[in-house]
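Single-letter residue listing:
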Amino acid sequence: MKWIVWLKRLAGAVGVLWAAATLTFIVQQLMPGSPALTILSGGATKPTHAQILAVDQAYGFNKPVIVQYLTFIGHLAQGNLGTSYLQHLPVTTIIAQQMWPTIELTVVALVASWVIALVFTIATAKRRRIVSAIGSGIEIIAAGLPQYWLGIILLVVFAIELKWFPVEGGSGVAPIVLPALTLAIPLAGFIGQVTRDEFAKVLDQPFIISARARGMGDTQVRLRHALRHAVLPGITLSGWALGSLFSSAVVVEAVFAREGLGQVLTNAVAGQDMPVVVGVTLLVAVVYVLANLLVDAAYVLVDPEIRLA
Amino acid sequence: MTAIIDRTHRQPSWQPAVSRWRLRPGVILSSAVIAFLVVAAIDPALLTTQSPYAVNLGAALRAPGLGHIFGTDQSGRDIYTRIVYGTRQSLLIGVGATAVAMGGAIFLGLLAGLSGRFVDGMVNRFLEVLFAFPGLLLALLFVAAFGQGVSTEIIAVGIGSAPGYARMVRGQVLAVKGSPYVEAARALGHPSRRIVRQHIFPNAMRPLVAMVAMGVGQSIVWASALSFLGLGVAPPAPEWGAMLDAGRDLVTQAWWLEIFPGLAIVACALSVTTIGRYLRQRFEGETG
Numbered sequence: 015m016k017w018i019v020w021l022k023r024l025a026g027a028v029g030v031l032w033a034a035a036t037l038t039f040i041v042q043q044l045m046p047g048s049p050a051l052t053i054l055s056g057g058a059t060k061p062t063h064a065q066i067l068a069v070d071q072a073y074g075f076n077k078p079v080i081v082q083y084l085t086f087i088g089h090l091a092q093g094n095l096g097t098s099y100l101q102h103l104p105v106t107t108i109i110a111q112q113m114w115p116t117i118e119l120t121v122v123a124l125v126a127s128w129v130i131a132l133v134f135t136i137a138t139a140k141r142r143r144i145v146s147a148i149g150s151g152i153e154i155i156a157a158g159l160p161q162y163w164l165g166i167i168l169l170v171v172f173a174i175e176l177k178w179f180p181v182e183g184g185s186g187v188a189p190i191v192l193p194a195l196t197l198a199i200p201l202a203g204f205i206g207q208v209t210r211d212e213f214a215k216v217l218d219q220p221f222i223i224s225a226r227a228r229g230m231g232d233t234q235v236r237l238r239h240a241l242r243h244a245v246l247p248g249i250t251l252s253g254w255a256l257g258s259l260f261s262s263a264v265v266v267e268a269v270f271a272r273e274g275l276g277q278v279l280t281n282a283v284a285g286q287d288m289p290v291v292v293g294v295t296l297l298v299a300v301v302y303v304l305a306n307l308l309v310d311a312a313y314v315l316v317d318p319e320i321r322l323a
Numbered sequence: 012m013t014a015i016i017d018r019t020h021r022q023p024s025w026q027p028a029v030s031r032w033r034l035r036p037g038v039i040l041s042s043a044v045i046a047f048l049v050v051a052a053i054d055p056a057l058l059t060t061q062s063p064y065a066v067n068l069g070a071a072l073r074a075p076g077l078g079h080i081f082g083t084d085q086s087g088r089d090i091y092t093r094i095v096y097g098t099r100q101s102l103l104i105g106v107g108a109t110a111v112a113m114g115g116a117i118f119l120g121l122l123a124g125l126s127g128r129f130v131d132g133m134v135n136r137f138l139e140v141l142f143a144f145p146g147l148l149l150a151l152l153f154v155a156a157f158g159q160g161v162s163t164e165i166i167a168v169g170i171g172s173a174p175g176y177a178r179m180v181r182g183q184v185l186a187v188k189g190s191p192y193v194e195a196a197r198a199l200g201h202p203s204r205r206i207v208r209q210h211i212f213p214n215a216m217r218p219l220v221a222m223v224a225m226g227v228g229q230s231i232v233w234a235s236a237l238s239f240l241g242l243g244v245a246p247p248a249p250e251w252g253a254m255l256d257a258g259r260d261l262v263t264q265a266w267w268l269e270i271f272p273g274l275a276i277v278a279c280a281l282s283v284t285t286i287g288r289y290l291r292q293r294f295e296g297e298t299g
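These protein sequence lines are chains B and E, in that order.
Positions 15 to 323 (the numbering used here) are the ones given, in order, by the first sequence.
Positions 12 to 299 (the numbering used here) are the ones given, in order, by the second sequence.
The following block holds chain B by itself, in its conformation from the complex (with noise of 0.2 Å):
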């Protein structure tokens, strides 16, 4: 019984992702002018008709629409993602390579988050009026901050004035603290918001009432027992998050000028690449889906009452 509920999320996620990539097929079939034009901008003379001929018969531009569809799905059912219209490279190795630095800096960042998150929501959540209405002012102001700005913000204090980490470059763990560190405010800002308020609920409940009652610390009640209610509806948001922290992390990317995916999605929507656009976006939507699958997972263990709908 079970195996069939989650073999239907299985296959909706699959329909989810084939419907993504259908979509990105439509827009590039929108998209004004030959991508033959792309591909041959390299060159240095205006490209003759004979060659944009050439080139829209080996890439196949020149084929039925359908045709082009059922090819592109075909290829992407195997892991195949194209060729680069600027690089001349495929697709998936130009992921592949630059694929790691991406993944450090989301994972760390989300890891940090939720680390800053719960700090701060066990700090202030409940607590004196005052307390807690700095918290919260806190986590409102840190969700809205523009990852740009807080980025170049961290960058000029704590690297070109305090000169404490790398301005660019660098080893081991310095070069991706401010980064992460800048992916992970605004995000610890949305979660903390979740979390405290979760929390402020489930100390009101009588089972807290009943521990406080066996002579249990307020410490240890926030932590043996509250935390653990407070941390569900954030696990929903962090799955909502892999796919936010990715966008954010080609603007981080940027400011702190680390290698990456954002920068070769960004050079690539630049150049009108749009095999490469397609690609990663299609890469973060497997990324998204998948996390959400897994969220759903992880909501059966943390909370062992909720059963599969």
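These are calculated hints, taken from the structure and not from any lab test.
Mixed in with the good hints there might be a few duds.
[As the list claims (entries may be wrong)] Straight-line Cα separation of at most 20 Å, SDA-like style, residue types lysine to any residue; simulated pairs:
hint	chain 1	residue 1	chain 2	residue 2
1	B	77	B	47
2	B	22	E	136
3	B	22	E	132
4	E	188	E	127
5	B	177	E	265
Predicted model only: the values in this text are computed from it and were never measured.
Given the coordinates of chain B, work out where chain E should sit on it, guided by the hints.
Chain E only, in chain B's frame:
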């Protein structure tokens, strides 16, 4: 849901009107910032005597001080003046993108909320697919396909943020559709077109006013992100995000090139969001 409907339909008599209007410091400050920006957008010459394009290489990269309160850029142009002149374009993009997003969202939301189960399911699936792309990525996909420029930026950011709003509109429409007064109107035999026009549409749209305010802030931040990546408005236009992009390589020498345009974006976005939250509280009586 009934609580919301009660509040929107009659004034609560138990609360004096004055206390409902009591303004908090944050709201006053935000209103002041917005008033300043609106003046800057309408007539920037009122707020500064200098020109945003006047190159003066002798005064390049001056630190903030008297004469240039926010300093000057690499061409000796006054940063404060450029921020003031950039307001119009930045606000226009923010408002335009929100309008695009709301237009799309209201269409999809009404379609889903008012049609039968089949159409509702289709629209929901469609939104689910759009949700798989984070907003900025959807915008980037659009810019890649249709090239850079102000109008693409507006549409791109609008499309990127539409799915979230659409889901909200759908929820509103469904809630209002199931409310007692709509049931009553139906029982009275009013034609459905009239029910939609007179009851469902206005009541489903009301909470969106606050969403629009917050959406404008979000759109400005996103549009600036596109410009910051060099994929939005092209220089030398004094758009805030483009200013950030132009100063990026000089940040080690002149921090003011980046801090002040960014501060304008943050102040604008925060103010609009604060007003949006305030409106939401007033409309829905929601706390927080």
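We went through each hint and held it up to the structure:
Between the alpha carbons of residue 77/B and residue 47/B the distance comes to roughly 16 Å, so the proposed pair stays at or under 20 Å and holds. Between residue 22/B and residue 136/E the CA atoms are separated by roughly 15 Å; this keeps the pair inside 20 Å, and the hint holds. Taken as a hint, the residue 22/B and residue 132/E pair is honoured in the structure, with Cα atoms around 17 Å apart against an allowance of 20 Å. Distance hint between residue 188/E and residue 127/E is fulfilled; the C-alpha atoms sit about 12 Å from each other, no more than 20 Å.
Between residue 177/B and residue 265/E, the direct Cα distance comes to roughly 16 Å. Compliance with the 20 Å bound is thereby established for this hinted pair.
In summary, this structure violates none of the numbered hints.
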